Structures are given as structure tokens and as C-alpha cells.
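Novice: Following the hints, complete the assembly by docking chain B onto the known chain A.
So the chains spell out like this:
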Amino acid sequence: MRRLLLAGVAAASMACGDGTHAAGESARASARGTLLSAVRARGTLKCGISQAAGFATPDDAGRWRGFDVDFCRALAVALWNDPDKVIFTPFTQQQRFSGLQSGEVDVLVNGTSMTSSRALRMGLRFGPIYLYDGQGFLVAKTLNASTPAMLDGAAVCVQPGTTTELTLADYARRNGIKFRPVVIEDLRSLVGAVSSGRCDVITQDGAGLATTRTMLPHPRDFVILPERFSKEPIAPVVRAGDDEWLAFVNWVFWSTMQAEEFGITQQNLAAHASSTDPAIRRFLGAEPGVTDGLGLDPQWTAHIIARLGNYGEIYERNLGASTALALPRGMNAPWNAGGLLYSPPFR
Amino acid sequence: MIASPVRRRASFRSIAIHGLALAATALVLWWFWHSATNALADRGLSLGFGFLKQPANFEIGETWLRFDAGRSNGRAIGVGLVNTVVVSALGCLLSLVIGFALGLMRLSSNPPLRGIVRGYVELVRNVPLLLLLLFLVASLHGLPPPSHALHPARGIYLSNRGLSLPAAQLGVITLGLLVVAMVAVALRRRLGRVGDAAMALSIAALAASVAMARWDAPHLRGLDFTGGRTLSPEFAALLAALVLHHAANVSEVVRGAIQAVSAGQQDAARAVGLSRWQAMRFVILPQALRAMVPLLASNAVSLVKNSSLAVAIGFPDVVSILNTTGNQTGHAIETMLMMGAIYLALSLAIGAVLERYNRRLLTNADT
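Protein chains in written order, with this note's numbering: chain A, 820 to 1166; chain B, -12 to 354.
Just chain A, with the same shape it has in the complex:
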């Protein structure tokens, strides 16, 4: 019922743009292409997230931490050199788009896959892909299933309102096997259904599976199958109709990747600040004309590195080998290190 109510409220606030004042204001601002100035005037960034270990969870002190959270903070650092000027709003998978469309948040950084129907039919615009992922299966070791094809007839736990349901159906049709989906929205209930044996399998994006596995009572009894059967390019989402805001989001995300490519880290930033390499000097705002557009502080890239680190540091801190998720970098390494991360040049 609560969800029904929330969805209803979201739909209603979409219906009457003037209804909720703050929401209406930023939604209209976006339509006129001035969300960046609206956010500046407001003094805080409103970022939509999805609660998940490693990506967005509050710590003991109630401070949000995680991979997605750090990218939200990077946007705030670029504007005000202050990682705390962010208001985080956690959404479920089903609420997130109405939350963005109604102007409740300025940007979603919550593990949303970039897809054609979302861009072409739902009025959403995507920033740079900041995580390359794919859908997979988490199964109990006792099933002895080495390939998904051995899972014919399995009960599959899946969360609603994602591309996951669609990809699962496609996969089953392509391989001529049958799955019985058990659709549960709440992640804890989903985990409960797997640990009790109601489902044989959980299907989610690879990163989601790593998170879910840490929530199981006996993580070692479960294994993530290596096969990935979808492309899930995770990117930040903004409303259509505001080029300036999209450009801002794009370049903030790319700056973290470019910093890693240059080898600039939190530690050695000071050394690089006096670098003689013209490309690095331009990137860090030591030479004018490159990073000072849109009324930003020319040093915004340096501020992001100082506060949060480069892409690699953000990844290692939240998802890397030292964390419970221990996700290998895989495709999410820079292009010149065997991965797919490729920032356009800062010049």
C-alpha cells in the first residue's frame, strides 16, 4: 500500500506541475534549460540513489557512503568544493523515474542501465557510462549448475520494474528453457526467499549479485555464475531538455576517469599541480580556457581529486578487493589498461 501511495503521489505531482512547489520549480527550470542555475541558487544538489551495499548505504553515523554516493558528491564538489552539499533521496526501482521526472531530484546516480526505450520513449537522458555490468545468476552451490541452461524449470527471484525481468524472459525464450519468476521488490525479502529455498536462483546485475551475496546468511554456500547474458551500461540519468545540465554531469564523471588515466591520485595531486605536462596543467585548471566554462571554478577537477580521488580510487574504496563485494575491475578499467573507460580529452 505504501508503494501504491508513493507512486500515486509521484504521478499526481507529475500531473500538476504547480502542486508541490519545490518539485515544480526545478522541473520547470529543467524545461527552460537552466537547472544548473536553479541548483546553484538552491545551494544543494538533490541526488536520487538506490540503497545497496557498496553503492549507497548510510554508515554508523548516518552519513551516506558508496560508489554512487561518491559520484553524487563529485557533482557537489565541482559546484561548491563541498562534498556535503548533497541531499540524497533513496528510491526503489519502480519509483526512480517518476521521482526524477517530477523534479524531486536533479539527477539519478543509482545503477540505472542506459537503454534505447528509456532514452527515446521515456524522456530520460543518460550521462557517461560509469560502470559496465551484465545480468547474471546467483545460485546455491548444492544445485551443481555450471551453466544457466541447467536451470530449466528453476524458480527465479527477480525484482520488479527493472530491465532484469525483461532480460530474464528474453534469455529463457532464446534458450528454450522455462523459468518461474517470483517477483519481490524488497531486497531483504528477496534474500529471504533464496535462503529459505523458495527460489533456486536470484538474477540481477553482476554488481547487485555481489551485494546480495553479502546479505545471505551463508554467502559461501552460493556462487555467482560467470556467464553474463545482458549488457548493463550503468549511467547517471537526467531529465530531457536541459543540455547544459547534461554537459555538466558528463564532464564531472569523465574528469574522474581522466584523472586515473593521467595517474593523478589524492596522494600525488600536489606534485601534479606543478606538473610541466601541458595536458595535465590544462586538466587541473592551471591554464585557463579549458575547465572554466559554465561559470565553474577552474580548479573543480583538482577539487574532486582532492576530496574523493580518481575513478580507480573511488572504485577500490567502495567495490574493490578490500571490500566485502570484492568486484574485479574487469571492463571497468581505463581503455589503455584493458578496460572500456574512455574519457574524451580535456582541452
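Warning: the hint list may mix true and false statements.
What the hints assert, rightly or not - If the Cβ cut is set under 8 Å, some of the chain B residues that face chain A in the computed set are:
(1) Ala56
(2) His128
(3) Pro220
(4) Ala223
What the hints assert, rightly or not - Covered stretches of chain A, as calculated for chain B (at least 3 residues, CB under 8 Å):
(5) 944 to 957
(6) 1154 to 1165
Source of the hints: derived by calculation from the structure; they are not laboratory data. In this text the structure is predicted, and so the values were computed from the model without any measurement. Positions of the beta carbon are idealized from the N, C-alpha and C atoms, including for glycine.
Specialist: Structure of chain B alone, referenced to chain A:
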């Protein structure tokens, strides 16, 4: 003669008020529509129901209608609607029967029985339905896996995938006979002896047709049972939660209505030599029923609406399917409208049926 201009003025005034009210309503509706379409156009979205014909591309775990991912969104919503109707109809029927029995037990002269029923009613009515639902589904998930399913009789398996039963593969003929038998039962009184014969004949034919139908027994293949019909734990939990909760409500309605019949009626009935049961059946209940029906109607309506708690446990009811469809296609407003319209239609239909029944009760009582 003197009154007529006043009356004319009065009627003019009432027409004017009605007109104004209508115009105001129309204006508000227009404003809603206008601002919705404007807000949507701003975001590059449009309203429309074309998505209903597009392929759904997702699977549904439990269906009464044939369904696969290649079928349309409209079909998927239909499947969800049938799921909602099946669980609601069974829930209404069972809660009515059980609630009636509980209500009568509550009034029995046996103190322990009264106490037990009272305890049950107080417990169930004061626990949130959602909590009851989550408790039941968690308990059912504790059943053994399919490979170790309980197997109480041939063709029947109970596991954490649900209750698997043999199913008759009924054809059109059987369904036709079922309809004929139901009509015959309904018209039996009016047709007299012919009706009796028609009823007996059609029921015999129906029984023969069911007996000759091919029965499909479930068997374990790989990870799941195939064949037969499996009722999922989510369906069972939802049905049980609705029945437990609403039977308690019904029992209170029944108790209240019976106690509202004046005690003198009971004494009078006993005085003319009716037994306790006869007094209840022929004197008390016919009077109590009239007070019950409107309350039972509102109980049935709230049961239908409560069935939407299904989304919490993953039973694919119409709300769950509409949520998924809305999210996959981006038509959130249309699916919200449909959700509202569907529940409104179901509630009004229940109201209309019970209203008719109530009117018949009243006219029967008058003649």
C-alpha cells in the same frame, strides 16, 4: 396560482446550482487533463493506451490464462486481473462461510467455544493484515524443497514451490455442461418437475465428462513440478491471510446483526415450540440477514482492495503487473488510471450484486 412563480423560481435556482456544479467539475477535470498533458509534453512524454498492444516481454509466475513473454501488455494485465479476481472471489466465499460459522459459535451456549472464538477474533482483527501475510508466506517458504516434497497421496505434492495437484484437462464441452448445470440449478424452482429432470441430467453429464477427462498428474522434472496445477505459496498465503482477517470481521457482523434482533423474537419462537436451531433458521436469521448484507458488502469490497497487498510477497496480482507494465513502458499515469478504474469497477460490481440481493430480501420479507 400564487405558488407557481415561486416554484418556477425555485426550479430555476436548482437548475442554476446544478449547472454551476457541473461546470465547476468539468473545469477541474479539464484543468487536471490540461496540466497533465502540458507537464508530460514538457518532458517529451505523451499519454495513450497504444502500449497495451505491444509485447509485454516479461514472464508471469502464476497464471490462469495462457501467457508467455511474447503476449501483449494488455494480456498481461488481464492475467493479473484474473489472479486478483480468483483470489478475491475465493477469499470472499471462504471468509463468508467461516465468518458465519464463527459468528454463530460466538453466540453458542458453550463458554470455552465462545472464549476461543473471541480470542481468535480479537487477535486477528488487531494484527495488521500485512504482518499476518508476511508471517504466513515466511512459514510456507519453510516447507521442504521440491526434491523432498511431502507426498500425502498419489499425484499430490507439497513443497516450498506450492501445492501441486492433478488437473483435469477440461474441454469446451465440459465447460458448456457446467454452464447448463448452473442454469438448471438456478431455474429449478421455476420449471418444476421439468427443471428437476434437467438438473439431474445436466449434472450427470457433467460428472461423466469430468470423469472421462484426461487427468494430468504433476511430476518432478529437474527443479520443478511439471503438469497438473501448482498453487504457489504466495497464492496460499494471500488467500489464507485475507480469509483469516475477513472471517473475523464477518463473524462480528453476524454476531452484531443476530444480537440486534430483539430477544422477544427468540422467546416467542421457543414458546411456539421451535428448537433453538429452528428458531435461528426460520425466525432470527431472516431478520438479521437484512442488517448484515450492507456490512458484508463493504467487507467484500475491502477484501478485494486488500488483495493488492499481494505486491509485498510477490504474487502477480493486477497491481503488481500494472506497476511492472508502467515501469517498463513509461506509461505510469495510464497504468495508475487503469488501476483506479479496475478497483472502482470491481467494488461497484460487488456493491450492485449485494444491493440487488438485499432488495430481494426486503421485498420477500414484505410479501
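Novice: Would you mind marking each hint as holding or not holding in the structure?
Specialist: Each hint, compared with the structure:
1. Ala56: Since the shortest Cβ distance to chain A is 4 Å, the answer is holds.
2. His128: holds (4 Å)
3. Pro220: At 7 Å from the nearest chain A Cβ, B/Pro220 passes the 8 Å test, so the hint holds.
4. Ala223: violated (12 Å)
5. 944 to 957: It is violated, with 0 qualifying residues against the three required.
6. 1154 to 1165: Contact hint for the region 1154 to 1165 of chain A vs chain B: violated, 0 residues under 8 Å.
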